[in-house]
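S.K.: Sequence:
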Amino acid sequence: MLIILNTKRAVQILYDFLKEQISEDIELVQLTTYMCAAHRLDVIEALKSKLHSKKIICISTQLIEAGVDISFEMVVRSLSGLDSIAQAAGRCNRNGELTEGKVYVINYDEENTNQLVDIRKGKSASKAVFDYDIKDILSEQALDLYYTQYYWNRY
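Per my numbering, numbering of the sequence shown is gapless, rising by one per residue and ending at 155.
A couple of the hints might just be wrong.
As the list claims (entries may be wrong) - Calculated pairs, DMTMM-like style, for lysine to aspartate or glutamate (alpha carbon to alpha carbon, straight line, at most 20 Å):
#1 55 / 97
#2 123 / 110
#3 54 / 24
#4 55 / 83
#5 102 / 144
#6 102 / 136
#7 121 / 131
#8 8 / 118
#9 135 / 97
#10 102 / 69
#11 121 / 97
#12 123 / 100
Stated by the list, open to error - The following label-pair restraints were derived from C-beta to C-beta distances:
#13 95 / 134: 40 to 48 Å
#14 97 / 42: 22 to 30 Å
#15 130 / 95: 38 to 46 Å
#16 139 / 42: 18 to 26 Å
#17 25 / 117: 39 to 47 Å
#18 74 / 35: 20 to 28 Å
#19 28 / 107: 33 to 41 Å
#20 131 / 23: 15 to 23 Å
#21 98 / 118: 14 to 22 Å
Worth flagging that the hints you see were computed from the coordinates, not collected in a lab.
In this text, all values refer to a predicted model and were calculated from it rather than measured experimentally.
The C-beta atom is built at its ideal place from N, Cα and C for all residues, glycine as well.
Put together the whole structure using the sequences plus the hints.
M.R.: Rendered as structure tokens:
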């Protein structure tokens, strides 16, 4: 499972909480820009080699969304812009090894995104799309609505 949150602090809090809750047969990993780039790459390579042989929960910031060729059975993404949600979904069943992957979007209220204008505006625009109850959130209709809301509310 991959869990993507919007802030490094939220990743750390969830990691610390889960570390005390999960069983020993599950490996818990965190990825944030608190780690140097070389360390992050080492962790990602280790994840790739273990994903099909071990139960893993990886908690990350959005750094894993683009440019990382890795595939999880399930992705949980904290509410953000539809572009970020689409990138996160690209980490689920990426190589088609399963008949179906599962992607969930959650509204993690404990995240403080007050200083993160782009994420805050993206969340608001995504909520507008979800309020319209569009079934395919990556459809042309959904993306048109998202970007209209994103830019309309931005200025």
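S.K.: Would you pick out the hints that fail for this structure and give their numbers low to high?
M.R.: 4, 5, 9, 11, 12, 13, 15, 16, 19, 20 and 21
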